[in-house]
Amino acid sequence: MHTGIESTTAAVTVLRAIGRAHALASSFLASLPERLVSHVPSPEEMATALDEPLPETGSDPAAVLDEWYTRAKRGITASPGPRFFGFVNGGVTPAALAGDWLASAIDQNAGLWASSPAAAQTELVVLRWLKDLFGLPTEWSGAMTSGATMANLVGLIATRQWAGRRLGFDASGDGLAGHPRFMSFRAQRSTSAPANA
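The numbering of the sequence shown is the numbering used here, which starts it at 1243 and goes up by one.
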């Protein structure tokens, strides 16, 4: 059980760390217009900057952020900036960044209604908005995934189930063995998810 003093100390530590993260993030975002989009130091340079033995004791979180940022700065790309066109990164809009920070701070689990009614209902609202936006039938269900790879995997599973029904079997219930084969197509330069499914 935490005493009031321990709770106060923990709260001060968290607030100091959040304040330091805010200051570092603000400085980084302000530097984007002048920052090189990609400065790629060698693996050896980054190892020299970051590799060290596992610490035996804890450290002040704000100091850890400062030390990591100072050491890692050379290898941080300008991916949130408007001149970055590599990979499929989510856009860090002001609302997305602030929402991500708040979501991390309140640390909810949307997996069950009981674990966070607010998170679960927010997911339902966003799904309804997406159906409205794309003109999808209101009776369709949906799910939020953890990212693009899981979204691709869910899409492949839904496609497999749909194809199985068209061929007269339940792919998820019966499996694929012994049933007619079907083909799926993907772009040559697609993500690894389809190949791994």
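Treat the hints as calculated values from the structure; they're not laboratory data.
There's no promise every hint is true.
What the hints assert, rightly or not - Below, in silico cross-link-like pairs of lysine to any residue (SDA-like), each with a Cα-Cα straight-line distance of 20 Å or less:
hint, residue 1, residue 2
1, Lys1373, Ala1361
2, Lys1315, Glu1287
3, Lys1315, Leu1292
As the list claims (entries may be wrong) - Cβ pair distances, simulated, as ranges:
hint, residue 1, residue 2, range
4, Arg1408, Ala1252, 51 to 59 Å
5, Asp1342, Leu1366, 41 to 49 Å
6, Ala1390, Ala1267, 38 to 46 Å
7, Pro1297, Arg1408, 18 to 26 Å
8, Ser1269, Gly1384, 53 to 61 Å
No residue lacks a Cβ here, since even glycine has one placed at the ideal position from N, Cα and C.
Tested hints:
1. For a cut-off of 20 Å, the pair hint linking Lys1373 to Ala1361 stands: about 19 Å separates their Cα positions.
2. Of the pairs offered as hints, the one joining Lys1315 and Glu1287 holds, with about 12 Å between alpha carbons and a cut-off of 20 Å not exceeded.
3. Between the alpha carbons of Lys1315 and Leu1292 the distance comes to roughly 10 Å, so the proposed pair stays at or under 20 Å and holds.
4. The given range of 51 to 59 Å is respected by Arg1408 and Ala1252, whose C-beta atoms sit roughly 57 Å from each other.
5. Asp1342 and Leu1366 have their C-beta atoms about 20 Å apart, which leaves the hinted 41 to 49 Å range violated.
6. Range check, Ala1390 to Ala1267: about 24 Å between beta-carbon atoms, so the 38 to 46 Å window is missed.
7. A C-beta distance of roughly 57 Å is found between Pro1297 and Arg1408, which places it outside the suggested range of 18 to 26 Å.
8. At about 38 Å, the CB distance of Ser1269 to Gly1384 disagrees with the hint of 53 to 61 Å.
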